[in-house]
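Working from the sequences, and respecting the hints, build out all of it.
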Amino acid sequence: MPGMKERTAQMRWEARTQGPLLWLAVAFGIAYAVPIVAPDAQRWVHQYCTVVEWVVWGAFACDYVVRLALAPSKWLFVRKHPLDLLAVLLPLVQPLRLLRVVATLLLVGRRAGMAPQITLTTYVAGAVVGLMMFGSLAVLHVERDAPDGNIRTLGDAVWWSFTTMTTVGYGDHAPTTGLGRVLAVGLMLSGIALLGVVTANIAAWFIARFERDDAEERRQTALLEALTTEVRELRAELARLSGNTTPPVAALPAQGPGPDRASSPTP
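Counting with the working numbering, you get residues 42 to 308 for the letters of the sequence shown.
No lab work stands behind these hints: they were computed from the structure. Some clues are possibly wrong.
Unchecked claim - Label pairs and their calculated CB-CB ranges:
(1) 275 x 255: 55 to 63 angstroms
(2) 193 x 250: 43 to 51 angstroms
(3) 87 x 253: 49 to 57 angstroms
(4) 267 x 126: 58 to 66 angstroms
(5) 244 x 267: 33 to 41 angstroms
(6) 220 x 71: 40 to 48 angstroms
(7) 209 x 269: 31 to 39 angstroms
(8) 185 x 252: 45 to 53 angstroms
(9) 243 x 126: 55 to 63 angstroms
(10) 170 x 115: 30 to 38 angstroms
Here a beta-carbon is modelled for each residue, glycine too, at the ideal position from N, C-alpha and C.
Following this line, the structure appears as structure tokens:
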């Protein structure tokens with residue numbers, strides 16, 4: 042059927058492009074981090090990093106277009122992948138580096154979530170590390186030159202991201218610009234969502250473990266009951282067989298004195 046052929050082609054495309062797109066995401070992270078960590082680098086370094094960022098975003102955008110073309114139902118694909126479409130269109134609204142960061146994170150997250158070999162724990166751990174890294178770099182880029190900002194170094198940014206994602210919020214470092222506060226809100230919501238996923242995963246593991254233990258205990262109880270019933274039936278069968286095979290006892294003669302007994306000579 043045509044639908045099955047198209048669906049199979051889409052699945053083959055996603056399987057083939059999974060690894061290369063993740064490596065491109067790593068290249069994007071490096072290209073995004075270099076100008077922020079080394080702001081005094083030569084101009085060509087910054088330009089090269091900007092080109093890499095756009096190339097990576099373009100690769101993810103092309104991937105979305107190809108998957109849309111291979112989808113059996115175009116409208117259903119768009120409705121099921123709204124974040125992918127938003128990530129593709131977001132950098133075109135305004136060419137800000139932060140928008141490319143958000144778009145690439147959304148696309149990487151969607152593609153990583155499709156990989157069957159990636160477990161939930163690995164996915165959550167990668168999401169935490171990625172969000173913390175990009176959040177730290179983004180807030181440092183925004184707040185470093187702010188007049189009233191107190192996030193001046195990468196260490197301050199990492200500490201702020203960690204306390205924000207865990208919703209601790211010591212308050213020793215806080216963004217002062219509007220864009221920095223938007224980043225803070227995003228990290229807070231992401232931290233709460235990831236914490237909920239981790240908590241639900243742990244709870245599901247405990248519930249599954251308890252259910253498995255209960256099932257094993259019920260199975261052992263059923264085996265003991267079956268064994269007890271079988272032993273009881275065997276005892277009843279042995280008792281029945283013993284009662285049927287016992288030989289009848291012959292009647293013994295009377296022990297009183299008789300004529301023959303009285304006349305018998307005594308040795």
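Consistency of the hints with the structure:
no., hint, in the structure
1, 275 x 255: 55 to 63 angstroms, "30 angstroms, violated"
2, 193 x 250: 43 to 51 angstroms, "47 angstroms, holds"
3, 87 x 253: 49 to 57 angstroms, "56 angstroms, holds"
4, 267 x 126: 58 to 66 angstroms, "60 angstroms, holds"
5, 244 x 267: 33 to 41 angstroms, "35 angstroms, holds"
6, 220 x 71: 40 to 48 angstroms, "23 angstroms, violated"
7, 209 x 269: 31 to 39 angstroms, "57 angstroms, violated"
8, 185 x 252: 45 to 53 angstroms, "52 angstroms, holds"
9, 243 x 126: 55 to 63 angstroms, "33 angstroms, violated"
10, 170 x 115: 30 to 38 angstroms, "35 angstroms, holds"
Checked against the numbered hints listed earlier, the structure breaks hints 1, 6, 7, 9; every other hint is satisfied.
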